[in-house]
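Undergrad: Given next are the chains, with one letter for each unit.
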Amino acid sequence: MGLSEHIVMRELDIPDIADFEVYRRHGGWEAYRYALTEKTPADIVQMVKDSGLRGRGGAGFPTGIKWGFLPKGVYPRYLLCNCDESEPGTFNNHQIIDRNPHQLIEGVALSAYAIEANTAYIYMRGEFAAAARALEQAIAQAYAAGFLGKNILGTGFDLDIYIHRGAGAYICGEETALMESLEGKIGQPRLKPPFPAVAGLYGKPTIINNVETLANVPRIVEKGVAWYRSHGTEKSPGTKCFSLSGHVNRPGNYELPFGVPLRELIESPEYGGGMKGGRPVKIIIPGGASAPWLTADHLDVPLDYESIAAAGSMLGSGAVIVLNDTVSAPHLAYKMDEFFKHESCGKCTPCREGTHWLVRTLHRMVEDGHATAADIDTLHSIYRQMAGNCFCLLGESAVMPIKSALQLFPSEFEALVKRSGKSNGHHIPLVAHH
Amino acid sequence: MKLLETHRAEIETIVARYASKRSAVLPLLYLAQDTYGYLTDEAIREVATILELPPTDVYEVVGFYTLFYNRPVGTWVLQVCDDVPCCYCGAEELIAALKQTLGISEDETTPDGMFTLQRVKCLAACDRAPVLQANLDYVYDVTPDRVQTLLNDLRARAAEARKRGVSGRFAEDYEFTRDGRLVQIERFAPYRPREFVIEPPAPVSSPPPSVVPEADAGLDRADTRKASPL
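These protein sequences, in sequence, are chains A and B.
Numbering (my numbering) for the first sequence: 3 to 436.
Numbering (my numbering) for the second sequence: 1024 to 1253.
Each hint should be verified, as a subset may be incorrect.
Simulated pairs of lysine-lysine, DSSO-like, Cα-Cα distance not exceeding 30 Å [as the list claims (entries may be wrong)]:
hint : chain 1 : residue 1 : chain 2 : residue 2
1    : B       : K1044     : A       : K206
2    : B       : K1025     : A       : K187
3    : A       : K206      : A       : K51
Short, incomplete list of chain A residues facing chain B, as computed with Cβ under 7 Å [as the list claims (entries may be wrong)]:
hint : residue
4    : E13
5    : D18
6    : D21
7    : P43
8    : A44
9    : Q48
10   : P64
11   : H96
12   : G280
13   : H344
14   : A375
15   : A376
So these bits of chain B aren't anywhere near chain A, every CB distance computed over 12 Å [stated by the list, open to error]:
hint : residue
16   : K1044
17   : L1051
18   : Y1059
19   : G1097
20   : T1098
21   : P1108
22   : D1168
23   : A1182
24   : E1183
25   : T1200
26   : D1202
27   : P1224
Keep in mind the hints are simulated off the structure, nothing from the lab.
We treat Cβ as the ideally placed atom computed from N, Cα and C, and that holds for glycine.
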């Protein structure tokens, strides 16, 4: 069920597509030229709406509908490309920039035209330092070819695209925290509403989309809505660049139409190539660190937003982490929640305190071997106090690993208690580990 | 005003990208960090003056983001991803090898000032585990047996002054080839599919090795971790 032609990972069809001239020879920047010279911005918004393109950053919200939230007649507007890819298991934005950078830049330019923005920023996590330099060179090539700058192609449309590097903070991938960071502040999320489309960067109407989402746009405009919708499912059209990692033989990004079963992604010799050493699948995290866990029982679930949701998880960013039977569920929950604790911005109490208490309790149980029977109740109590009470999704996401671990593998927590010999539950004070 | 004297044109270009001067605080802090080696009080106050901000606002930013250092760091800052899935794919073995070879623990710097070692969260290169960054240059597929090759290369680059600041403003990415050579990744180069070594299936009867460490001595165990110098 492989693709005859890739929509985003086109380096698989055209190995030297990272070269600007090669990209041009394969129709690169022609969708943009066509849009600017023959289509109105509203036409492009309508095409993206009709294509059914959904945001690839995690939420899966329809892109064209998001663009439609912009208030009429309010300018300037900004387009932000979210490249703060930092969640454990996600790495497709990174490779899109390394391997097919010009399609991303064309997507940014085309989308800026559609939403009538004259300035676009690509916010890249600070660690993408070499990638940022390369993308700056690619942007310079687009300026030199006359696709960016003033009065582009004689149409009167002006557009500048800038790279902005963050400096190490997962929370800046949250859209309003990203705007705060871009405004030169610490990356703490803003209260919504107002939503960014109404009051975003510098208080102006702002659209923010993920790298993979924007990289889809040139192909939709070039090849048309019907072609695009011929991929994927009715409700999840197109393809997804799944980032497959963990104990598989062939970790990497694989672009597949929505709806391919998990088993195919993991086992096909073209994709995951099966499990390392033939060990059994124990835990599958299908959508990045914030997705509830699945198990080997879910191998036949199709990879699309609705099916993964029906199985009790979320497709999220399409980061599929597959772990074998050597991994302890409490240890995995500990590592995942250590990530969220480290990245908590400190703004709201349930997340700031909750992630700390989760990690301190789990550390005592898993690393120090001092689990008590009361700890299991403590863990349940902490995540229940966090769920639904955090200011943004970071804290809500931190609930998922521990909740999944306790639900799916309760016996492993009980075994930790048994092993420590403190099943009578006598109290041991928590020791701070910062 | 050292920064304005040495980098006036670059600073003006950066500030001109934004509707508000304050937006330039991250890029200017990177510039200041590379100029001074780390973010000294002088450097932070200089950025504040250039951007017409209260110094406390800039200090707050420096404290929030992990890539800013307000204490001296080594010539090379080695940041190893120990997150999921890397921690199950060799990251802990890599950290152990680095600690042993360098004779330091996490968040320490070697006595010669060459290397600072840190654990960091996900680096978005999970398919290339174990992975680390050296002054934000990615290095992919760093198995423990390749540590010496890497460290030798980094020392050689430092000696030839080919290392340019800790902020990644001139970063390049590297990978290990299958035969263990460290090579720079060429930008905009044709894509080459990766070759994988497929592990043969283990005997069915082999029990899963435990990744949870055995319980240790008890509550009175000394905490060997060091406070972060950063």
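Undergrad: Compare the structure with each hint and give your call.
TA: Here is how each hint holds up against the structure:
{"no.": "1", "hint": "B:K1044 with A:K206", "verdict": "holds, 16 Å"}
{"no.": "2", "hint": "B:K1025 with A:K187", "verdict": "holds, 24 Å"}
{"no.": "3", "hint": "A:K206 with A:K51", "verdict": "holds, 23 Å"}
{"no.": "4", "hint": "E13", "verdict": "holds, 4 Å"}
{"no.": "5", "hint": "D18", "verdict": "holds, 4 Å"}
{"no.": "6", "hint": "D21", "verdict": "holds, 6 Å"}
{"no.": "7", "hint": "P43", "verdict": "violated, 21 Å"}
{"no.": "8", "hint": "A44", "verdict": "violated, 26 Å"}
{"no.": "9", "hint": "Q48", "verdict": "violated, 29 Å"}
{"no.": "10", "hint": "P64", "verdict": "violated, 26 Å"}
{"no.": "11", "hint": "H96", "verdict": "holds, 5 Å"}
{"no.": "12", "hint": "G280", "verdict": "holds, 3 Å"}
{"no.": "13", "hint": "H344", "verdict": "holds, 5 Å"}
{"no.": "14", "hint": "A375", "verdict": "violated, 16 Å"}
{"no.": "15", "hint": "A376", "verdict": "violated, 16 Å"}
{"no.": "16", "hint": "K1044", "verdict": "violated, 8 Å"}
{"no.": "17", "hint": "L1051", "verdict": "violated, 9 Å"}
{"no.": "18", "hint": "Y1059", "verdict": "holds, 16 Å"}
{"no.": "19", "hint": "G1097", "verdict": "holds, 17 Å"}
{"no.": "20", "hint": "T1098", "verdict": "holds, 17 Å"}
{"no.": "21", "hint": "P1108", "verdict": "violated, 4 Å"}
{"no.": "22", "hint": "D1168", "verdict": "holds, 18 Å"}
{"no.": "23", "hint": "A1182", "verdict": "holds, 22 Å"}
{"no.": "24", "hint": "E1183", "verdict": "holds, 19 Å"}
{"no.": "25", "hint": "T1200", "verdict": "holds, 17 Å"}
{"no.": "26", "hint": "D1202", "verdict": "holds, 19 Å"}
{"no.": "27", "hint": "P1224", "verdict": "violated, 3 Å"}
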